[in-house]
Amino acid sequence: MDLTAAVGPGAPLTGFTDVPPGHRFASEIDWLTRLGLLDRRGDRTFAPLTTVDRSQLARALYRYAGADDGVPAPVGMVAADVSAGHPYAAEIAWVVRHRLLLVHADGTFRPARPARRQELVLALHRAIGGPAPSGPAPFHDVQRWHPSVDAIAWAAEVGVTRGMPDGTFRPSRPVTRQALAVLLRRFDELA
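Residue numbers (the working numbering): 547 to 737.
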């Protein structure tokens, strides 16, 4: 499965009242927006610190991959809490089918639950076949026993994530819209 996308040069998007040209992640937000990976908000803001839920992450990964694998849209339930009528049913079915995001043990996907940083990194790691990192995760809040330790160590090793200024990764922290832009852009640059 190819999760790489190429975007040609283009003028930066204007009109986000909360993302001025000097914003730390303006370039990444511009890239994410030009690709259409997140739905645009109607109020001329990007809302960089707004949390991304699991259904939005599924849609972003689906769109990033250009996912049209020829599999028909789901007819029944995708998960116990996602029917075929869910607005993101096709995207959720696709990420579940490709094991990028998983259904929970109780059969639910929990589409409205905030996506976690470890879920995003794990999805990217799975998308390229789960290569083994050459060393441990460099973050003091990611122990060897952590269920996503290999994905987090890989992401740090290849530069997809740099962690927080205090030396943590904060795996359970929700993914924000700007974090999604940054990590996906860095992942894209690996290709």
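Mixed in with the good hints there might be a few duds.
[As the list claims (entries may be wrong)] Here are the computed distance ranges between Cβ atoms for each label pair:
id, residue 1, residue 2, range
1, Leu595, Met623, 18 to 24 angstroms
2, Gly653, His569, 38 to 44 angstroms
3, Arg609, Ala658, 18 to 24 angstroms
4, Asp652, Gln689, 22 to 28 angstroms
5, Arg609, Pro677, 20 to 26 angstroms
6, Arg719, Gly681, 43 to 49 angstroms
7, Gly653, Trp691, 35 to 41 angstroms
8, Asp564, Thr654, 40 to 46 angstroms
9, Ser629, Pro682, 39 to 45 angstroms
10, Thr654, Thr596, 32 to 38 angstroms
11, Arg570, Ile674, 43 to 49 angstroms
12, Pro684, Met623, 26 to 32 angstroms
13, Gly612, Gly713, 23 to 29 angstroms
Since the hints were derived computationally from the structure, they do not count as laboratory data.
All values reported here derive from a predicted model rather than from experimental measurement.
Glycine included, every Cβ here is placed at the ideal spot set by N, Cα and C.
Hint by hint, here is what the structure shows:
Hint check: Leu595 to Met623, Cβ distance near 33 angstroms, so the stated range 18 to 24 angstroms is violated. The given range of 38 to 44 angstroms is respected by Gly653 and His569, whose C-beta atoms sit roughly 40 angstroms from each other. Taken as a hint, the range 18 to 24 angstroms holds for the pair Arg609 and Ala658, whose Cβ atoms sit roughly 19 angstroms apart. Taking the beta carbon of each, Asp652 and Gln689 are about 26 angstroms apart, inside 22 to 28 angstroms as hinted.
Distance hint check for Arg609 and Pro677: the Cβ-Cβ separation is about 24 angstroms, which falls inside the suggested range of 20 to 26 angstroms. Roughly 23 angstroms separates the CB atoms of Arg719 and Gly681, a value that falls outside the hinted 43 to 49 angstroms. Judged by the Cβ atoms, the range 35 to 41 angstroms given for Gly653 and Trp691 is violated: they are separated by roughly 26 angstroms. Checked against the given bound of 40 to 46 angstroms, the beta carbons of Asp564 and Thr654, roughly 33 angstroms apart, lie outside it.
Ser629 and Pro682 have their C-beta atoms about 42 angstroms apart, which keeps the hinted 39 to 45 angstroms range intact. About 23 angstroms separates the C-beta atoms of Thr654 and Thr596, a value inconsistent with the hinted range of 32 to 38 angstroms. Between Arg570 and Ile674 the beta carbon distance is about 27 angstroms. The supplied range of 43 to 49 angstroms is therefore violated. Against the hinted window of 26 to 32 angstroms, the Cβ-Cβ separation of Pro684 and Met623 comes to about 41 angstroms, which falls outside the hint.
Evaluation of the 23 to 29 angstroms hint for Gly612 and Gly713 yields a failure: the beta carbon distance comes to about 36 angstroms.
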